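Peer 1: From first to last, the protein sequence lines are chains F and X. Residues in the first sequence are numbered from 1 upward in steps of one, following the numbering used here. Residues in the second sequence are numbered from 1 upward in steps of one, following the numbering used here.
Treat the hints as calculated values from the structure; they're not laboratory data. Note that the structure is a prediction, hence the values are computed from the model and not measured. Hints are supplied without guarantee of correctness; some may be wrong.
[As the list claims (entries may be wrong)] Using C-beta positions, here's what the derived DEER-type ranges look like: (1) Glu67/X / Thr236/F: 20 to 28 Å; (2) Thr242/F / Gly177/X: 15 to 23 Å; (3) Lys199/F / Ser240/X: 53 to 61 Å; (4) Ser284/F / Gly177/X: 28 to 36 Å; (5) Val269/F / Pro298/X: 43 to 51 Å; (6) Glu41/X / Lys199/F: 50 to 58 Å; (7) Ser56/X / Gln105/F: 21 to 29 Å; (8) Glu239/F / Glu363/X: 53 to 61 Å; (9) Gln105/F / Met39/X: 16 to 24 Å.
C-beta: ideal position from N, C-alpha, C; glycine also.
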Amino acid sequence: MSNCYINGIASISAQPTTDPDTFLDEVIHHKESIFRSHDPNYKEFIKPAAMRRMSKSVKMGVTTATMALNNSGIEMPDAIITGTGMGCKQDSEKFLENILHNDEQFLTPTLFIQSTHNTVGGQVALGLGCKAYNVTYVQGAASFEVSIKDAQLMLSESPEKNILVGGIDEVAKNSTLLHKLDGQIKEDDIDVIKLLDSKTSGTVTSEGAIFMVLGAEKTDKTLAKIIDVETRSSATPNEIKTDIEKFVARQGLSIQDIDAVILGNNGDVEHDHYYKSLQSSIFSNTEQLCYKHLTGDYPVASSFGFWLGTRIFDTNKVPSVLKVNDISAKGYNTILLYNQYLGKNHSIALLQRC
Amino acid sequence: MSKGIAITGMGIISSIGNTVEENFNALKSVSHGISRIEMLETRHKDEIMVGEIKKSNQDLIEQLGLEPSHCFSRTAMIGAIAAKEALQNADVSDVNDYRTGFISGTSVGGMDTTERHYLGYPETPKYRRFIEAQHAGFTTQSISDYLGINGYVSTISTACSSAANAIMLGARMIRAGQLDRVIVGGTDALSKFTINGFGTLMILSDEECTPFDDNRKGLNLGEAAAYLVLESDEVVEKSSKKILGRVTGWANANDAYHQTASSSNGEGAYLAMKEALKVANISAEDIDYVNAHGTATPNNDLSEGVAMTRIFGEDNMPVFSSTKAFTGHTLAAAGSVEAVYSLLSLRDDLIFPNLNFKTQMKEFSLVPQTELISKGMNTILSNSFGFGGNCSTLIFTK
Chain F
1 MSNCYINGIA SISAQPTTDP DTFLDEVIHH KESIFRSHDP NYKEFIKPAA
51 MRRMSKSVKM GVTTATMALN NSGIEMPDAI ITGTGMGCKQ DSEKFLENIL
101 HNDEQFLTPT LFIQSTHNTV GGQVALGLGC KAYNVTYVQG AASFEVSIKD
151 AQLMLSESPE KNILVGGIDE VAKNSTLLHK LDGQIKEDDI DVIKLLDSKT
201 SGTVTSEGAI FMVLGAEKTD KTLAKIIDVE TRSSATPNEI KTDIEKFVAR
251 QGLSIQDIDA VILGNNGDVE HDHYYKSLQS SIFSNTEQLC YKHLTGDYPV
301 ASSFGFWLGT RIFDTNKVPS VLKVNDISAK GYNTILLYNQ YLGKNHSIAL
351 LQRC
Chain X
1 MSKGIAITGM GIISSIGNTV EENFNALKSV SHGISRIEML ETRHKDEIMV
51 GEIKKSNQDL IEQLGLEPSH CFSRTAMIGA IAAKEALQNA DVSDVNDYRT
101 GFISGTSVGG MDTTERHYLG YPETPKYRRF IEAQHAGFTT QSISDYLGIN
151 GYVSTISTAC SSAANAIMLG ARMIRAGQLD RVIVGGTDAL SKFTINGFGT
201 LMILSDEECT PFDDNRKGLN LGEAAAYLVL ESDEVVEKSS KKILGRVTGW
251 ANANDAYHQT ASSSNGEGAY LAMKEALKVA NISAEDIDYV NAHGTATPNN
301 DLSEGVAMTR IFGEDNMPVF SSTKAFTGHT LAAAGSVEAV YSLLSLRDDL
351 IFPNLNFKTQ MKEFSLVPQT ELISKGMNTI LSNSFGFGGN CSTLIFTK
């Protein structure tokens, strides 16, 4: 397996995360269980004529892809790999509702054309004129991580490549609301910043996009090294504990070598025990960080952990809003990420300072 | 030539049969599966022709033995049927005796259930267990849970090239030693969403489709699921298994021309075929037969035809056909459906015909194979292209 470096990264989320000179210095306290992203000025990245037809996913995706490429110094990637849990949900929903409300009549093609899951990957390729490998993964909460796994595999096949990897998910008015009906989202609005102390089931949701440029060569832009990523479709909390121990051991490390662990706790009392059982056992002496009380949970929300890791390495500090225990690491060189959703689509990743 | 990755099992359900052998018999007896819609409720029932699996959802539930409280979409059910056959065919009794992964392609996933219940969710709590089927990964998860696979599972959604990309990823993961065994392919059920979507693009034919014909009117949508079992040479040797064929070449390129239309010079398709030949370490002359994407839309067949002439030369074109007139265009499943057909071609030295072709296209002299013929073959190239400019090519070898 060849090395896998993050040589550029950009994030749009429900917090101000596009300014490289700040690191969660100010956070927005969302008050609803479904909330939107904090948007940059898209006009700086997308021509107005093109923007009119773009859904939120495409806007966020194209913008973060452009920003990540800019900060890596790479103009043309050798592959584009995107992950999304729900794809272009807004356009899919509108097309579906038109079908159902108008008895399959009076439909126009634009919404359908933009409804496919690979729309963002296709639009980024089209914008760059990039004819290289292009794939979209749709694997729930592990969509971003299986995308990285493909990139990592590709770098071992062709170490000279620069690979653009992204994760995108958007809120759509009615389909997102349906997740209140099946209990995925908390019924009542809450003070999201207090999400992790919630005593109810379900979570809160939002939207965002993160793109990274990955390469096998360390450059002067390198932000972090992805040591490895592993995904698993389903597992019990005990199996996850063993998986993490094996995963860390496989890298020639022990749990004591982990300076901080970034966990995907989302305030769902039915499923947060996956994290809590780690917090009270193998990571009881490790600095623990959480972020979904800032960003909400959505299929590619775990990508935020990768962004956090690179920012922590870069600034050498951890914003106190992320901390959930009293332990502070002496320095930040090795960070482990773990995430799951409804007990499915588990992912473990290890980042290292370069 | 590259040795490639061993294929040890295959399974399929399509409008021409519920098993591999039923599909083979239909292809061999030149009996297509294009008809009017009978299973799906849509106002376009009598306007278009499709490749529909003539089993109701209740039939599928019974065949799989699902609990009444199940939350399988039709896409997941046909997927589970085909994947199960593939595992049986590969003689796998315990999926977890080796590191086994599952990679499935789908375009709309559980849209068939979403569109059936969407308006009813607020009033009808018993339907709400299907809400999760909105995300395509849920379809894959339903199938992997049914098969008992809980390790590496992923879903690829690159429109009509999804299953081809799933096969490609599986082959790469086996080659790199990341998995010992992987079930790869795709599944898509007919839905109002796709029927109306392709309808608005005006590329659905009201007759049986005619791939590569100058007067082609568009595609017939189809539904199907098909999977292959890929295994490492080590596993194959240990169990002295019969190998059905090998995946020796693969590539994925992007046309970067338009969100839905293919470029007039077939650039993406050309790049995919060229790179796949390189991965297989063979030259264009080594290809004995091409199973073309050939959807019978004016745009695809022209673009693909041009790309093929760029690869092979107009005068050196290998025998080629599109089998879409048997099954309809099964979207995300097309790549694995045609992988199964390619393996059957290699097994029995038969080339399945391109039905309904009458008139050569004006733009070039390409004429597909229109009769069932017997031909000794070693190497088959299969194309799958999709929205978003996604073009993929696979090469299968005896």
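Peer 1: Identify every previously stated hint that the structure contradicts and give their numbers, smallest first.
Peer 2: 5 and 6
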